[in-house]
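K.L.:
For reference, the chains in residue letters:
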Amino acid sequence: MKKKKRKNRSYIGFIAPGFIMYTVFMMVPLAFAFYYSVFDWSGIGPKTFVGFGNFIRLFTNERVSGTFFNALGNNFKYLLCVLLIITPIQIFFAYMLHIKIRFHKYIRFMLFLPYVISTSIVGFFAMILFDPNVGVLNKILTALFGKDAQQAWLGDPDMVFKIFVCVIIWQCIGSGMMIFFANMQEIPSEIVEASVIDGCGEWKRFWHVVLPMLTSSLTTNITLSVIYAMTMFDLPYILVGPQGGATNKLDFINMVFYRYAFGGTYFGETSIGFGSAISVVMFVIILSLTIVTKKLLKKIEY
Amino acid sequence: MRMKKRAKKIESRPAKIIKGIISCLLVLYTFISIYLIGMTILNSFKTKSELINNTMGWPSSFTLDNFREVIFEDHFLRNLLNSVILVTVSVLCLCIVASMLGYALAHYEFKGKALLESYFLLGLMFPIQLGILPLFIMLTRMNLNNTLWGLVMIYTANLSFSTLLFTNFFKALPKSVMESARIDGARDFQVYLRIVLPISKPVISTVALISFVQIWNDFFMPLVFLTKTGVKTLTLGIYSYSANFLANWNKIFAAITIALIPIIIIYFLFSEQIVEGLTGGAVKG
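Listed in order, the protein sequences are those of chains A and B. When we follow the working numbering, the leftmost residue of the first sequence carries the number 1, and every step to the right adds one. When we follow the working numbering, the leftmost residue of the second sequence carries the number 303, and every step to the right adds one.
Heads up, a few of these hints could be off.
Unchecked claim - Calculated lysine-lysine pairs in the BS3-like style (CA-CA distance at most 25 angstroms, straight line): (1) B:K350 <-> A:K139; (2) B:K473 <-> B:K415; (3) B:K530 <-> A:K204.
Stated by the list, open to error - Beta-carbon label-pair distances, calculated as ranges: (4) A:P212 <-> B:A549: 51 to 59 angstroms; (5) B:L571 <-> A:S288: 54 to 62 angstroms; (6) A:T215 <-> B:I563: 36 to 44 angstroms; (7) A:T23 <-> B:G340: 26 to 34 angstroms.
Keep in mind the hints are simulated off the structure, nothing from the lab. Bear in mind that the values here come from a model prediction, so they are computed numbers and not experimental data. In this text, a Cβ means the ideal position worked out from N, Cα and C, and glycines have one as well.
Kindly generate the complete structure, drawing on both the sequences and the hints.
P.N.:
Pasting the structure below:
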């Protein structure tokens, strides 16, 4: 009895530091984003309660909502690229590593490597390749086809998003790929063995044996991708600057948020309330997308 | 292993060829990384005038001028130092706080534990960016804005993933070890300090590595919270060079080389562990 009592007290000491830090610096700010979102407040001076005013302005004010929906559209466009291009590539690469193609250890090491490289360095690498004046690609094109073959690359509104996705693929493919890979390693060997005995080819085995077993890693990866896609900031900011580049093709909601929340000196307006309203919208989108993902993938699972 | 051998026997010829082609293509693809990193390192040794005409090739002579300029004439050394301090202190705090938390969640039974566990997982779903504006106001009021301490707090508070890794590890430990120590009269904290921590070196190093990589490379938090020159970190320093790269064409390669080398060394030494920690937490969670 005495022992039990002591137990009951001591766990508090272990939990308290983490609980306080996490609550004060993670959860309270999140809650306050909701609170601030119903005020008109520049950060100094009195707050004015405006109810849903910030949200109404965000969705209906012509100047603001144009920027906002353009950015939100880009977020979804990117998310679509993740689902249709990046995730399949990750699964494919992971499977290639899983069946141990030649040099698989080296390939795995190199594919994951960019994950540990800072985005500001990745942004510079992209510049080395794609800069219209000093970039390597234009130099190669000039050498092969003459001056007319040069491209504006990141300055070209039609190309900037494609380049962005390519850079993301190079930088971020490793983490998701390794999550799929780890999942494949966990598939019970009896199942794979049975399919081998049945004379199942590599391709068929992938479709009918391996792929259906990937639901857990698929859920993880898609959830992580949704969060990453909705909070996209670093790479577009580094590649094309805080305004989203050529005709705002690389503008994302987190960048719109940044301009309203912290860009006062550059963009003429700092609005805590309005910035918080954007955060709340991001929160709602992330929440609903993760719920949808979980529900959808639960259905496939058996 | 036996199964793999049998699988190979059945494999058809075309399948083998296709696999060979794929592995060649992937190896070719990895040359992009080698080229970019290699070229950056080589360029850092070129003289300013050589860089203008020869950005792609082998340097004709090696000079350390760029490094000298970056380290002694700019703020780059300060940036590097700030990053080192920030990462060291943050990783240390994070490991202490998250391991204690994980230990309590794994080895104590109490009311509301399940609720608390899911509370700590919320941070995985809602990234810290969502609350950054109130956080900014809060840190400004606490006079922690534009200090490394403010960011240490934030990185330590962002403990969901680390706590998950610790909890999973501690749950797998045999309870008997800790129970016997407790019967011997050791107090709870001593059990944690003397028995639990020494046997959890693998998970501590995993958490330390992963958070090292994340904090060392973080761009958004320093961008928002560290706006004064004296407190800026390495990533911001590099960004300020590359945002104006024509003017800094010779310095930037040296700066990136300095920033890349520690992280590449760590990756060479611990890549397996980084990957394992990242996927272990993700798949089980």
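K.L.:
What are the numbers of the hints that this structure violates, sorted from low to high?
P.N.:
The structure conflicts with hints 3, 5 and 7, although it agrees with all the remaining ones.
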